[in-house]
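Participant: Here is how the chains run, residue by residue.
Number of protein chains: 2
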Amino acid sequence: MAAPDSRTRITLVGAGTIGLSFAALHLAYLASPTQLSIVDTRPDLEEYVRSTLPKYLAPALHGLISSIRLSASLPDAVRDADVIQEQGPENLAFKATVWKEVVQHAKPDALLWSSTSGITATSQAEAAALDDAAAARLLVVHPYNPSHVMPLLEVVLGSRTSSETVERTVSFWRARQREPVVLKRECKGFVANRLAFALLREAVHLVNEGVVGVEEVDRIVETSMGPRWAVAGPFKSYHVGGGAGGLEGFFKNIGGTVQECWQDGGQVNVGEEWEQTISRQAREAYGTVDVESRDRRTKAVLDAARSA
Amino acid sequence: MAAPDSRTRITLVGAGTIGLSFAALHLAYLASPTQLSIVDTRPDLEEYVRSTLPKYLAPALHGLISSIRLSASLPDAVRDADVIQEQGPENLAFKATVWKEVVQHAKPDALLWSSTSGITATSQAEAAALDDAAAARLLVVHPYNPSHVMPLLEVVLGSRTSSETVERTVSFWRARQREPVVLKRECKGFVANRLAFALLREAVHLVNEGVVGVEEVDRIVETSMGPRWAVAGPFKSYHVGGGAGGLEGFFKNIGGTVQECWQDGGQVNVGEEWEQTISRQAREAYGTVDVESRDRRTKAVLDAARSA
Numbered sequence: 001m002a003a004p005d006s007r008t009r010i011t012l013v014g015a016g017t018i019g020l021s022f023a024a025l026h027l028a029y030l031a032s033p034t035q036l037s038i039v040d041t042r043p044d045l046e047e048y049v050r051s052t053l054p055k056y057l058a059p060a061l062h063g064l065i066s067s068i069r070l071s072a073s074l075p076d077a078v079r080d081a082d083v084i085q086e087q088g089p090e091n092l093a094f095k096a097t098v099w100k101e102v103v104q105h106a107k108p109d110a111l112l113w114s115s116t117s118g119i120t121a122t123s124q125a126e127a128a129a130l131d132d133a134a135a136a137r138l139l140v141v142h143p144y145n146p147s148h149v150m151p152l153l154e155v156v157l158g159s160r161t162s163s164e165t166v167e168r169t170v171s172f173w174r175a176r177q178r179e180p181v182v183l184k185r186e187c188k189g190f191v192a193n194r195l196a197f198a199l200l201r202e203a204v205h206l207v208n209e210g211v212v213g214v215e216e217v218d219r220i221v222e223t224s225m226g227p228r229w230a231v232a233g234p235f236k237s238y239h240v241g242g243g244a245g246g247l248e249g250f251f252k253n254i255g256g257t258v259q260e261c262w263q264d265g266g267q268v269n270v271g272e273e274w275e276q277t278i279s280r281q282a283r284e285a286y287g288t289v290d291v292e293s294r295d296r297r298t299k300a301v302l303d304a305a306r307s308a
Numbered sequence: 001m002a003a004p005d006s007r008t009r010i011t012l013v014g015a016g017t018i019g020l021s022f023a024a025l026h027l028a029y030l031a032s033p034t035q036l037s038i039v040d041t042r043p044d045l046e047e048y049v050r051s052t053l054p055k056y057l058a059p060a061l062h063g064l065i066s067s068i069r070l071s072a073s074l075p076d077a078v079r080d081a082d083v084i085q086e087q088g089p090e091n092l093a094f095k096a097t098v099w100k101e102v103v104q105h106a107k108p109d110a111l112l113w114s115s116t117s118g119i120t121a122t123s124q125a126e127a128a129a130l131d132d133a134a135a136a137r138l139l140v141v142h143p144y145n146p147s148h149v150m151p152l153l154e155v156v157l158g159s160r161t162s163s164e165t166v167e168r169t170v171s172f173w174r175a176r177q178r179e180p181v182v183l184k185r186e187c188k189g190f191v192a193n194r195l196a197f198a199l200l201r202e203a204v205h206l207v208n209e210g211v212v213g214v215e216e217v218d219r220i221v222e223t224s225m226g227p228r229w230a231v232a233g234p235f236k237s238y239h240v241g242g243g244a245g246g247l248e249g250f251f252k253n254i255g256g257t258v259q260e261c262w263q264d265g266g267q268v269n270v271g272e273e274w275e276q277t278i279s280r281q282a283r284e285a286y287g288t289v290d291v292e293s294r295d296r297r298t299k300a301v302l303d304a305a306r307s308a
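Residue numbers (the UniProt record's numbering), protein chains in the order written: chain A, 1 to 308; chain B, 1 to 308.
Any given hint could turn out to be false.
The list treats identical chains as interchangeable, and a pair is accepted whether it falls inside one copy or across any two copies.
What the hints assert, rightly or not - With a Cα cut of at most 20 Å, we get these calculated EDC-like pairs of lysine to aspartate or glutamate:
1. 184 with 209
2. 184 with 248
3. 107 with 76
4. 107 with 82
5. 184 with 215
6. 188 with 76
If you are wondering where the hints come from, they were derived from the structure by calculation, not from laboratory data.
Since this is a predicted model, take the numbers as computed values, not measurements.
Model the full structure from these sequences, guided by the hints.
Facilitator: Here it is as structure tokens:
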């Protein structure tokens, strides 16, 4: 189980859902649970971690939880860390404060990872007034929720991030059977969410137009592109679809239809009336979803896609 | 293996990829392979079916192939069929000619299914000058390729399709462990392709903008939304993501980011320069894809999503 870098010391800043999900992931790969620190100022931190973390963790690992180092003091928690991974509130001021304090107390070669879904490393380094040596070690490592299940990590460099930082980060995650994908440049919302949101927008439009309901959209995706894309992403799939001509053949054959669909596509906006209709449909269809069962099935799907 | 309607006689019009894929699916559920007819005017039909169909079929079923009824004559092939399923060229004139001839020779209660990906049943019935009794039995049953693997069938009614036709069609497919989803009304491109194309457009845009390459897009989708959506579609996923607030909570929490991503999204068009760049990237990355392995893994993913 222990990865090449199993002696790495990791400090998680922020014990929300993402923090605990990462804690579960790290615990499975560390030589000792004492290498993991969680820092958070909530007064009930110990009780909270002890009651919540088991939900993310295989029963065999529950015994490790009591050995995790918990702290309310950022300076104490980061002092001997090799990796400092931040998943605090999504606002620049918070992140700037964290990194300012972190670089005063952390080792000079500690990796600095932000789990942000949208605040770039460039802006974080600038807001924290990091010097070049610190900014070189800061980048975004954006997980796909929940991170102890989903392999993807979007690695997004800031303007001053060093290539050494990228290499160390990528090999850390590869050793944990994760899928770090390095983006070539920063962009609004990064890639995974943007792709998913684009499909969501069209789904909302089609529900809005009365073509399908919320449940039908989900059934359609679950029985077609979901399983297909678990095995071969969209470009690879359409490359196959184009036969010997590849993607060019695909667009030659049905590019006209693709373009017509694009032109007929909807440009709904957040805050419009559809939000209520669609939320009500989802609530009526799904109520409270059994997330543990969903995650168990997702793990089985990931195993199947890899191994068959 | 035999479904409730295992004595159904099925005639496939058109022996292309979709036709043979459906042939493989039907063979697994019919009491006898003689209940399946394939009609196509290609001169090498027998040799072609005998050499191509095994690729879609479990080895245990290869022995059935020689008993399929093959014909170049539409009138002969449809005479005793309960279901006539058309997957010819995607043009209205062809389909009109087929249905005109079919209704002259088929039983008066035969179901008429078109596998078209975009020509509505309303326009097909009209172009074929079908009377109401025939138009009532015609609808679109749009598969997701390859149809012997992927469960989804989009069932799209024409303006004169009867509810009895829909019920018979849906129960036929349910008995075959397929997922027929009835659309509430006809629309350009139907739903599955429109959703996939919307994501594709954003993917092209992000490659075009230099944020990621073709392979990175595929890896991102394969390790995040693909497996997730194989288990829970986009609305269900974001309903969970919103916590107790459901989809409304989701949009309350991160609706601002969603809207920013939508506004920053790209409106690329078919026929622009990116087609060459992206096709070349896909060809370099993937060359010739092992489709059998892909389909084997897709089946494993589908089983995992259902059973775990």
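Participant: Run every hint past the structure and note whether it holds.
Facilitator: Structure-based check of all given hints:
no.	hint	verdict
1	184 with 209	between (37 Å within a copy, 10 Å between copies)
2	184 with 248	neither (24 Å within a copy, 33 Å between copies)
3	107 with 76	within (12 Å within a copy, 82 Å between copies)
4	107 with 82	within (7 Å within a copy, 75 Å between copies)
5	184 with 215	between (36 Å within a copy, 12 Å between copies)
6	188 with 76	neither (34 Å within a copy, 60 Å between copies)
This entry does not satisfy hints 2 and 6, going by the numbered hints stated previously.
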